[in-house]
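Visitor: Sequence:
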Amino acid sequence: MTTTTLRAFALIATAILLVQSAKGANFNVGGTAGNWDLSTNLNGWASAQTFTTGDTLTFNYDSMHSVLEVSKPDYDACQVNNPIGEFTNGNTLIMLKFPGKRYFICGTGGHCSSGMKMEIDTVAAAVATPQPASSPVTPSSRPPMSPPQLPKPPSALPLTPSKAQSPKPQAHAPRTHIVAPLTAPSSSPSVAAEPEQPVAPSSPSLALPPFGSAQAPQPSVAENVGRNAKVVLGFGFGVLMLSVL
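Per mature numbering (1 follows the signal peptide of the UniProt record, and there is no 0), the sequence shown runs over residues -24 to -1, 1 to 221.
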């Protein structure tokens, strides 16, 4: 049984007890041997009882009597002219709904002063606390099996190299030839030193032109052939002239 079911049963049991206490007990005024009359010791009987809220008083009397509910001053003075409630049916039921004292007298003249009066002290009914229902023994249920936990992978630690690796030099790095002037500039600030001509390399094909001068145009192949032809013709003409002479 679940906790909700047990709570429902407890509420139902409490409600049953409240209903039973609300019904209360039924008291016959004067006891089994007496009635609401002059021959019964009404206050003696009432003081021997315990009245709680929810109880009921039953007044049995004949036509020569009546039941009046009055206040405390009217009860002491047997005053019948200002009743809170008046009953004359011979079988009156009075429910004790609230705790406290209530006062009843007979409305017939001279009967109250002759002792036909009664004081009722009502106490609040104690609500019995229901015993907690014993929970049935439930078979022990196995807890749900949790999926097996996979081993956690080792946390990757940052590798700290013991020695910093120097970057490898790049292969075939281009070399830059910087030709510095051979002579330092003059100490005089007003005259600017003329830069030296850069040193020409040993190979004539890679000779650099002087700084600031225009490069002379190279003769073309046709010009070389024409020049050689002129030399040959001139040499042949000279030989011919010598042979004629």
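It cannot be assumed that every hint is accurate.
Here are the computed distance ranges between Cβ atoms for each label pair [stated by the list, open to error]:
id: 1; residue 1: Ser39; residue 2: Arg(-18); range: 22 to 30 angstroms
id: 2; residue 1: Thr(-21); residue 2: Asp38; range: 55 to 63 angstroms
id: 3; residue 1: Asn67; residue 2: Asn17; range: 16 to 24 angstroms
id: 4; residue 1: Gly86; residue 2: Pro49; range: 15 to 23 angstroms
id: 5; residue 1: Thr(-21); residue 2: Ala1; range: 29 to 37 angstroms
id: 6; residue 1: Leu(-14); residue 2: Ser89; range: 48 to 56 angstroms
id: 7; residue 1: Thr(-21); residue 2: Asn58; range: 49 to 57 angstroms
id: 8; residue 1: Asn67; residue 2: Gly20; range: 21 to 29 angstroms
Because the hints were derived from the structure by calculation, they are not lab data. By construction, the Cβ of each residue, glycine as well, lies at the ideal position given by its N, Cα and C atoms.
Visitor: Hint by hint, note whether the structure agrees.
Guide: The hints, checked one at a time:
1. Ser39 / Arg(-18): 22 to 30 angstroms: With Cβ atoms ~55 angstroms apart, the hint is violated.
2. Thr(-21) / Asp38: 55 to 63 angstroms: Since the Cβ atoms of threonine -21 and aspartate 38 sit about 58 angstroms apart, the hinted range of 55 to 63 angstroms holds.
3. Asn67 / Asn17: 16 to 24 angstroms: Cβ of asparagine 67 to Cβ of asparagine 17: about 21 angstroms, so the range 16 to 24 angstroms holds.
4. Gly86 / Pro49: 15 to 23 angstroms: 19 angstroms Cβ-Cβ, so the 15 to 23 angstroms window holds.
5. Thr(-21) / Ala1: 29 to 37 angstroms: About 35 angstroms separates the Cβ atoms of threonine -21 and alanine 1, which means 29 to 37 angstroms holds.
6. Leu(-14) / Ser89: 48 to 56 angstroms: holds (52 angstroms)
7. Thr(-21) / Asn58: 49 to 57 angstroms: Hint holds: Cβ distance 56 angstroms, inside 49 to 57 angstroms.
8. Asn67 / Gly20: 21 to 29 angstroms: Since the Cβ atoms of asparagine 67 and glycine 20 sit about 23 angstroms apart, the hinted range of 21 to 29 angstroms holds.
Hint compliance for this structure: hint 1 is the single one not met.
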